[in-house]
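Just so you know, the sequences run in chain order D and Y. Taking this note's numbering, the leading residue of the first sequence gets -9, the next gets one more, and so forth. Taking this note's numbering, the leading residue of the second sequence gets 69, the next gets one more, and so forth.
Honestly, the hints are just simulated from the structure, not real lab data. Note that the structure is predicted; figures quoted are calculated from it, not measured. Don't be surprised by glycine CBs; every beta carbon is placed ideally from N, CA and C. Take these hints with a grain of salt, some might be off.
Quick list of in silico lysine to any residue cross-link-like pairs, SDA-like style, CA-CA up to 20 Å [said to hold, decoys possible]: (1) Lys103/D / Val187/Y; (2) Lys154/Y / Gly73/D; (3) Lys77/D / Asn142/Y; (4) Lys68/D / Glu145/Y; (5) Lys103/D / Thr163/Y; (6) Lys68/D / Val148/Y; (7) Lys154/Y / Tyr107/D; (8) Lys74/D / Glu181/Y; (9) Lys74/D / Val148/Y; (10) Lys420/Y / His323/Y; (11) Lys77/D / Gly144/Y; (12) Lys103/D / Val183/Y; (13) Lys77/D / Glu145/Y; (14) Lys154/Y / Gln7/D; (15) Lys109/D / Glu145/Y; (16) Lys154/Y / Pro96/D; (17) Lys109/D / Gly144/Y; (18) Lys154/Y / Lys68/D.
Examples of chain D residues lying across from chain Y (beta carbon under 7 Å, computed) [to be verified]: (19) Lys103; (20) Tyr107; (21) Ile111.
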Amino acid sequence: MTYRIAVTSSDGEQIDQHFGQANQFDIIEVDEQKNAWEKIETRSSVIGKDVVVVCGASCNGHKHNSIEEIINLLADCKYILTGKIGKHSYSALERAGITALESPVPIHLAVEKLNQYHKKITRKGR
Amino acid sequence: MSIQKDCNGQTNSINQVRYGCALGALHSVVAIPGAMPIAHCGPGCVDKQYTSLAFYNGFQGGGYSGGAVTPSSNLGENEVIFGGEKKLTDLIKATLKIMEADLFVVLNGCIGEIVGDDVSEVITQFQKEDVPIVYAETGGFKGNNFIGHEIITEAIIEQYVDKYAIHKEKKEKGLINVWSELPFQNTFWRGDLIELKRILEGAGFKVNILFGNGSKGVEEWLTIPNAQFNLVVSPWLGLKTAKYLEEKYNQPYLHIPVLPIGAKQTAEFIREVVKFGEINDSRANEFIRQEEEEYYYFLEHFTDFYAEYWWGLPATYAVVGDSTYNLALNKFLVNQLGLIPAKQIITDNVPKKYREAIAKEYESIANDVSTTVEFIEDGYIVGKILHETDFGHKPPIIFGTTWERDTAKELKGHIVEVGFPASYEIVINKSYIGYRGALTLLEKIFTTAISKSA
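Same shape as in the complex, but just chain Y (with noise of 0.2 Å):
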């Protein structure tokens, strides 16, 4: 039996992983505030997949619900062979005695979904008495955590949010549904979507960001029914959702592939909702107008460093990582700085159906910059492609994971870690995109860039 390769030459196992499983979207949960996941599940998953995206990953530790707090009912041979439902039943009463949370949300994973555990049947049975509890079916092998992600958001608003909210008819002008970053995979998700949410109501907007310190958490998951339309700033995460709210509760939804980093994105991603949401734009204007002047007051100030060619500064990239910041680095770096896209690898396996449209995002950077993306996500032939990239006689800048390490030292590039895993990294709020991010991120390249030689 021969085993199937793509164009690429990456079979259906990786090296160097990119992401967790389904069931690492638990952290999803996390991220909300007052929200408590319990894992349905082997006695390592949860541990695996906290070590990898909580940990090795910006040190962004668990919080309250994450990490060694969450539930889970460590499934062994027991109940492997006699069904792990008494076990999940004596779980959830023993975590309704002791835990304290505003929604529990059961994640099945791989042993409960390949015995044929009835998750929905326990849950149900808790549902009958009014607790605030709902079960998402996440078992590992159904995807990535990008995929569990949209699993348990649709479980959350199908018998959470759907069962408990009122007045779901009334739609609230200016009030939107914001689904961006996916929590804790996105390294800087807590600091970016702080920063989102104030570009958008500097913009004019009421916004429910849903994940992070800048959500009402649970209550405002309650009020999902009520926006006037849903924003999806991603190339395709989000998209699932955006598409079930738009059947479910009638709502609209705008699309932007590109989460803006800089000036020019973040005044073109604001006139682009503010149109769409057909809200007066005077606000947005003048938060456009104000931010604007801090943001080049302080980039004045930089260019007596940028404008001196003593550092050889890099002028060819690469970006390797998730969909979204790749897409939102190469418009800043390119269009902001002006550096030469060299190659570009998508490592969070996109659905095919999505492909193609990111594909020709990268057509068009700017009115003269075209450049082409990869989807892969093996580390060896992510390695292998890079040596192989023509970046010039200056030394690349490597936009990727603690995986690229090695390589940018082999081509005596600078490597800025931007995406799961970014172990070198302790991320505690900063953000890289928006206004304020986008001058963090060229605090953190060109410190890079400097201290090479150090």
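The following block holds chain D by itself, in its conformation from the complex (with noise of 0.2 Å):
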């Protein structure tokens, strides 16, 4: 079984970045049994014209994306680690099944831990 992790980083190496400021992310894709990953892309979360700020509530004014979008943008990933993350984000992500994480560890052994949770909390008949 594979899924996938966006992550946020300066450079490629710690997972720095406010979620709602990241330019792009970098997508992670793991295969559970194998205990393997790899980076398949990076995606660039510049979807309007203006400058890149994801606030989940309306914020006076200046153009962004809103975290529909960014949902839309990150749809086929099953978590998110990134430096820090705000509440409504936070929610908003839960609701469309995307886990978010604040991982104060870098990109290599936070993927590691990730998938050790991960295959925990997905065993059979859980």
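Can you join these two chains into the complex? Each is in its own frame, and there are hints to help.
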């Protein structure tokens, strides 16, 4: 079984950046059983013409992506790994079936730990 | 798979909680003046332990570092997956910035212990910079708060006292460390420990009471290694600590299972400690004489009431509660009031190795009174046993907790709440032990007995 993780990273190693301010997402595909993973692509989050600021609520006028647009962009991902994410965005993603996590460790460690957790909570019969 | 039941039909899950989890012993840190616990656990843990042990139990309040004050890392899904060490480090840094305490005690709860957070690694970094901070592994599943208490005590001694105490080999004659009640769990601990200290000082000792307002707090803990001996005043809580100190600082210990209530028991208690400590007993004798004069002055007035039969005062009793108060009350009620023991139930899940010795104490409550004790925690079974007990033809008096109120009503008896949870008592500094506490206890018992029909 495979699943995908979207990661916000400034350098491809650290998981940093605020989810709402990330210009792009690295998409990682994980093979559950093999504990192996690879980056399959990078997706830009600049959908609209203007500055990318994702905020779940309305914010007085300047153009930005709505959380719905980001959810569409990352609809094939099960998890998001980011530095920081706001409550509203977190809930919107949860409702769409995407679990957002703030990781204190670099990508290679984070994906490994996340996969261990993922396998535990998606065991047969649960 | 069949469910294991013990001889009373109790399984490993109980109805009506009688204690907190190991993390609940954070209140032992709160009880040390100047100390502050830091909880590395889930978001509801401290609230639950506070609300049960320190609120709906005498409405004691959290004091300086308890209640809403206690810093908590509020571990969530992130920390379960990636570990909570970074969050703990950030929490400690923030705490050191805005909270003032002489000693911080980091308590690792269930989540940290299960996901394998290396709290010792985090704390060691701070200890290297001489921050007064220690850690204790109090995952809730390790046991109840009685167990957590001694885990914490040992951690503080091992990591703080041992590091900062000066002249650890020097022993001061007459200085004793007292290990007795469990702070907050024993609802009347604040008043009790003050009375206990007063009694031992009156006997001629210098007392490290260690918890509560009578203690000088963290600086007092630093003198633990200098004590002449350790005094354990409880059926079992504190024995592990005393044995640990015996090995570590070469200190003998005296174990007195009966926490004294009333003049008779208190005099016996004082004499035993003075004998063991080999100090001059003239001061103790004078103290006992003075105290007894005051005690019996009041009791003499009280006998006008007690000698009457108008109110149908209770003759038989049951005690349901933790081992320390249970044994202490039994001794007092039989020896000073002449009441008849009907049923004794100990509810603090005493470690198996101590149970036999404790049961033996009940066999010799007085030279002509012997009774048995059962170790039960489940509320349904406790109620059932009380209903099946023969209390004679007069309504019984039950010394128990809020959980026993309904049973007492059904038995048309009286109830005095003496332990956790005591949700119908406001407790500020009231004591039920020693000389002064015994008189307060008598007030409570007989006020309850005569107000029944009011």
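For each hint, the structure was consulted:
no.	hint	in the structure
1	Lys103/D / Val187/Y	holds, 19 Å
2	Lys154/Y / Gly73/D	holds, 13 Å
3	Lys77/D / Asn142/Y	holds, 16 Å
4	Lys68/D / Glu145/Y	holds, 15 Å
5	Lys103/D / Thr163/Y	violated, 29 Å
6	Lys68/D / Val148/Y	holds, 18 Å
7	Lys154/Y / Tyr107/D	holds, 18 Å
8	Lys74/D / Glu181/Y	violated, 26 Å
9	Lys74/D / Val148/Y	holds, 17 Å
10	Lys420/Y / His323/Y	holds, 18 Å
11	Lys77/D / Gly144/Y	holds, 14 Å
12	Lys103/D / Val183/Y	holds, 11 Å
13	Lys77/D / Glu145/Y	holds, 14 Å
14	Lys154/Y / Gln7/D	holds, 17 Å
15	Lys109/D / Glu145/Y	holds, 15 Å
16	Lys154/Y / Pro96/D	holds, 13 Å
17	Lys109/D / Gly144/Y	holds, 18 Å
18	Lys154/Y / Lys68/D	violated, 25 Å
19	Lys103	holds, 5 Å
20	Tyr107	holds, 4 Å
21	Ile111	violated, 10 Å
Violated hints, listed in ascending order, are 5, 8, 18, 21; each of the other numbered hints is respected by the structure.
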